[in-house]
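Spelled out, the chains give:
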Amino acid sequence: MNEIVAKEEIAPNTYRMEIRHPRIAKKRKAGQFVILRPHEGGERIPLTLVGSDPEDGTITLIFQAVGHSTRELAALEVGDVVPDLAGPLGRPTHIENYGTACVIGGGYGTAPVLPIAQALKDAGNDLIGIIGARTKDLVILEKELGALCSRLEVATDDGSYGHHGLVTDVLRKLLDEGVKIDFVLAVGPTPMMKAVADLTRQYGIPTMVSLNPIMVDGTGMCGGCRVEVGGETKFACVDGPEFDAHQVNFDLLAKRQATYKAEEQQAAQVEPHCKIGLDR
Amino acid sequence: MASKRLDIPRQPMPEQPPEERIHNFDEVPLGYTPEQAVLEASRCLECKKPSCVQGCPVQVDIPGFIRLIREGKFEEAARKIMETNMLPAVCGRVCPQETQCEVVCVLAKRGEPVAIGRLERFAADWEREKGQHEKPQVRPPTGKKVAIIGSGPAGLTCAADLARLGHDVTIFEALHEFGGVLVYGIPEFRLPKRILKYEVERLKEMGVKLEKNAVIGKLATIEELMKEEGFDAVFIGTGAGLPLFMGIPGENLLGVYSANEFLTRSNLMRAYEFGTTDTPIARGKRVMVVGGGNVAMDAARTALRLGAERVILAYRRSREEMPARAEEIHHAEEEGIEFHLLTVPVAFLGDERGWLRAAVMQKMELGEPDESGRRRPVPIEGSEYEEPIDVAVIAIGTSANPLIRDTTPGLEVNRRGYIVIDPNTGATNIPGVYAGGDIVTGSATVIEAMGAGRRAAAAIHEYLTGEKMSTVQAQDTEKTAK
Numbered sequence: 180m181n182e183i184v185a186k187e188e189i190a191p192n193t194y195r196m197e198i199r200h201p202r203i204a205k206k207r208k209a210g211q212f213v214i215l216r217p218h219e220g221g222e223r224i225p226l227t228l229v230g231s232d233p234e235d236g237t238i239t240l241i242f243q244a245v246g247h248s249t250r251e252l253a254a255l256e257v258g259d260v261v262p263d264l265a266g267p268l269g270r271p272t273h274i275e276n277y278g279t280a281c282v283i284g285g286g287y288g289t290a291p292v293l294p295i296a297q298a299l300k301d302a303g304n305d306l307i308g309i310i311g312a313r314t315k316d317l318v319i320l321e322k323e324l325g326a327l328c329s330r331l332e333v334a335t336d337d338g339s340y341g342h343h344g345l346v347t348d349v350l351r352k353l354l355d356e357g358v359k360i361d362f363v364l365a366v367g368p369t370p371m372m373k374a375v376a377d378l379t380r381q382y383g384i385p386t387m388v389s390l391n392p393i394m395v396d397g398t399g400m401c402g403g404c405r406v407e408v409g410g411e412t413k414f415a416c417v418d419g420p421e422f423d424a425h426q427v428n429f430d431l432l433a434k435r436q437a438t439y440k441a442e443e444q445q446a447a448q449v450e451p452h453c454k455i456g457l458d459r
Numbered sequence: 011m012a013s014k015r016l017d018i019p020r021q022p023m024p025e026q027p028p029e030e031r032i033h034n035f036d037e038v039p040l041g042y043t044p045e046q047a048v049l050e051a052s053r054c055l056e057c058k059k060p061s062c063v064q065g066c067p068v069q070v071d072i073p074g075f076i077r078l079i080r081e082g083k084f085e086e087a088a089r090k091i092m093e094t095n096m097l098p099a100v101c102g103r104v105c106p107q108e109t110q111c112e113v114v115c116v117l118a119k120r121g122e123p124v125a126i127g128r129l130e131r132f133a134a135d136w137e138r139e140k141g142q143h144e145k146p147q148v149r150p151p152t153g154k155k156v157a158i159i160g161s162g163p164a165g166l167t168c169a170a171d172l173a174r175l176g177h178d179v180t181i182f183e184a185l186h187e188f189g190g191v192l193v194y195g196i197p198e199f200r201l202p203k204r205i206l207k208y209e210v211e212r213l214k215e216m217g218v219k220l221e222k223n224a225v226i227g228k229l230a231t232i233e234e235l236m237k238e239e240g241f242d243a244v245f246i247g248t249g250a251g252l253p254l255f256m257g258i259p260g261e262n263l264l265g266v267y268s269a270n271e272f273l274t275r276s277n278l279m280r281a282y283e284f285g286t287t288d289t290p291i292a293r294g295k296r297v298m299v300v301g302g303g304n305v306a307m308d309a310a311r312t313a314l315r316l317g318a319e320r321v322i323l324a325y326r327r328s329r330e331e332m333p334a335r336a337e338e339i340h341h342a343e344e345e346g347i348e349f350h351l352l353t354v355p356v357a358f359l360g361d362e363r364g365w366l367r368a369a370v371m372q373k374m375e376l377g378e379p380d381e382s383g384r385r386r387p388v389p390i391e392g393s394e395y396e397e398p399i400d401v402a403v404i405a406i407g408t409s410a411n412p413l414i415r416d417t418t419p420g421l422e423v424n425r426r427g428y429i430v431i432d433p434n435t436g437a438t439n440i441p442g443v444y445a446g447g448d449i450v451t452g453s454a455t456v457i458e459a460m461g462a463g464r465r466a467a468a469a470i471h472e473y474l475t476g477e478k479m480s481t482v483q484a485q486d487t488e489k490t491a492k
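As given, the protein sequences belong to chains W and G, one line each in that order. When you line the first sequence up against my numbering, it's residues 180 to 459, in that order. When you line the second sequence up against my numbering, it's residues 11 to 492, in that order.
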């Protein structure tokens with residue numbers, strides 16, 4: 180169990196990993212996540228389950244090696260065992276046939292969108308997809324989402340691929356063209372999700388976002404992942420991670436996500452744990 | 011003889027001096043020497059009808075083990091305790107003896123009771139450090155499988171009792187270490203983790219299987235455990251749930267923690283060794299802990315050890331109503347925690363980056379008794395003032411964890427979400443499913459959870475085999491006599 184069976188760098192610094200865990204592979208539903216620790220003494224990292232193969236007993240994760248802990252995870256290779264892996268956590272996505280659903284992914288936030296898109300498709304929705312990234316190299320899962328969506332748009336901040344601009348520019352264009360959208364699901368950086376929520380609110384389109392606040396236990400014990408939704412405190416690990424985008428206090432979320440900025444910078448100076456070092 | 015015994019004063023336990031210990035996470039009390047232990051043990055009057063045993067939720071043979079200590083048979087003393095309590099080193103440290111076994115000690119009526127907790131700790135520590143490690147005895151296999159959900163004090167006790175009776179026991183733990191609140195909640199300086207690890211290892215020797223990172227309700231439901239994985243009975247000991255907050259402005263500012271998160275970061279994730287470990291924690295210069303229980307004391311003393319210059323403990327009632335153990339309050343005061351009694355924060359104020367910078371405090375006075383029988387704190391109008399702080403820890407209790415109840419159709423819970431049980435057996439309304447500890451009672455003590463685990467184990471044994479515990483005990487006594 181917990182053995183890494185495949186690893187691929189699908190974009191600069193963005194990794195796709197398949198890990199053996201038959202029970203999670205069997206149980207996981209769209210929208211759920213796992214918590215893992217890359218080594219003893221490591222942080223508990225929450226990562227969305229992108230997919231699974233119940234027959235083969237493997238789960239798929241996609242993550243960007245941005246901080247100290249995700250770099251430590253990226254340092255593991257095929258054949259290594261992840262010491263701790265717990266899941267599937269969080270509530271599964273509420274799936275129904277809305278009619279036309281638009282799924283929006285920003286950066287590596289596109290990864291969590293994929294299983295939800297699949298579930299929405301299976302429920303009979305017609306899918307429109309929008310992928311946003313800083314630059315062409317960082318566009319991920321275009322092929323996979325393209326296979327599910329009847330229309331897929333890509334937007335890059337620098338204009339190196341697809342539309343020059345933001346995912347909200349594309350969404351606004353679609354709506355102004357008169358494209359009928361009955362439901363929006365957006366996952367990505369907090370400012371992006373906020374911008375999507377602000378836009379769809381004007382159009383009265385029900386919108387869900389998957390939030391990624393700082394988490395510790397992920398099982399409904401510590402309360403670190405609290406977010407404000409509709410003026411109430413909610414816990415992303417047991418009440419979420421998906422919430423009504425029009426009710427989320429994104430400014431608070433963004434601030435709380437930055438709690439340990441100083442410590443992250445300190446940790447960024449440290450090399451990932453050497454796998455054969457004396458400390459193991 | 012008796013009068014001579016009565017002349018011996020209760021033996022104090024050596025401790026790390028406060029000025030030293032606030033700079034480390036090492037254990038505060040250092041334990042008895044063998045001489046001190048024998049002297050303290052010789053104070054016991056060996057009552058014919060020992061009331062101390064009745065005061066113990068797991069009914070340890072207290073006079074029995076104390077006599078063995080007096081006779082210098084330290085290891086035998088530890089074994090005597092372990093006949094009913096598989097976590098002696100833990101209980102010797104964290105049980106509130108002063109309200110259980112020691113309060114009813116005959117000596118307490120005219121002076122100071124026998125230091126039962128300290129002696130329990132001494133015997134357990136001796137066995138662990140110097141004893142001839144003996145494998146615990148278990149009965150022949152019954153072929154029955156029991157799942158224990160949660161490896162906290164309730165689950166560990168229930169597992170130990172059932173394994174001893176010959177059942178095939180598996181403990182499922184959601185986190186990456188075993189022990190539940192004993193790992194994530196109770197700090198190293200009160201309960202060193204290596205001691206807990208040793209006591210958990212002993213369960214493995216008894217044949218108990220332990221699975222970490224297994225979140226029941228998510229990975230598998232109780233129904234699946236019973237129908238697909240062949241478990242004949244289940245014990246739910248999932249412990250404390252989500253922290254309660256006060257619902258005041260500014261509670262989601264950066265630097266405002268629940269006690270659960272603050273302690274989990276420090277204890278389970280070892281944030282106090284940040285640099286060697288990877289989980290950070292905000293190290294406040296001026297920290298305020300809100301609450302008056304043991305968890306509040308643990309949080310305050312942890313903040314101090316993380317380098318705070320000043321730690322304020324704000325409690326809305328007076329000292330008399332504080333639910334924390336006398337020893338914990340004493341230790342906190344010795345270490346320089348400032349008790350601001352009859353005060354409560356009514357708002358937290360932040361800076362432009364969203365970090366906590368101050369609390370608005372309000373003074374309280376005590377009014378008429380409330381439903382808990384304690385005098386209700388009433389705000390004094392116009393008494394508000396600002397207290398500059400950079401970290402706040404809210405330690406005012408927890409609510410029921412939803413994971414099991416949301417995934418177990420038909421399980422009866424009360425209006426607050428806690429599981430409803432038969433108090434004598436721990437049985438829920440679902441046949442074969444039992445529960446105990448904080449998921450039933452809300453925040454309570456380690457030993458109460460252990461008592462619940464023990465009662466449930468007896469009931470599960472009877473449910474699985476039809477045999478009553480009284481029969482088992484009679485057989486054991488007979489065997490010992492032979």
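FYI, nobody ran anything at the bench for these hints, they're computed from the structure. Every value quoted in this text rests on a predicted model; they were computed, and no experiment measured them. Any given hint could be a false lead.
Said to hold, decoys possible - In the DSSO-like style, the derived pairs of lysine-lysine whose C-alpha atoms are separated by at most 30 angstroms in a straight line are:
hint	chain 1	residue 1	chain 2	residue 2
1	W	434	G	295
2	W	413	G	58
3	G	14	G	58
4	W	206	G	58
5	W	206	G	219
6	G	214	W	205
7	G	214	W	208
8	W	413	G	295
9	G	222	W	186
Against the structure, the hints:
1. W:434 - G:295: 21 angstroms, holds
2. W:413 - G:58: 56 angstroms, violated
3. G:14 - G:58: Within the cut-off at roughly 19 angstroms; holds.
4. W:206 - G:58: Violated: residue 206 (chain W) and residue 58 (chain G) sit about 57 angstroms apart, past 30 angstroms.
5. W:206 - G:219: The given pair, whose Cα atoms are some 22 angstroms apart, holds under the 30 angstroms limit.
6. G:214 - W:205: 28 angstroms, holds
7. G:214 - W:208: 34 angstroms, violated
8. W:413 - G:295: 29 angstroms, holds
9. G:222 - W:186: Holds: residue 222 (chain G) and residue 186 (chain W) sit about 25 angstroms apart, inside 30 angstroms.
Checked against the numbered hints given earlier, this structure breaks hints 2, 4 and 7; the rest are met.
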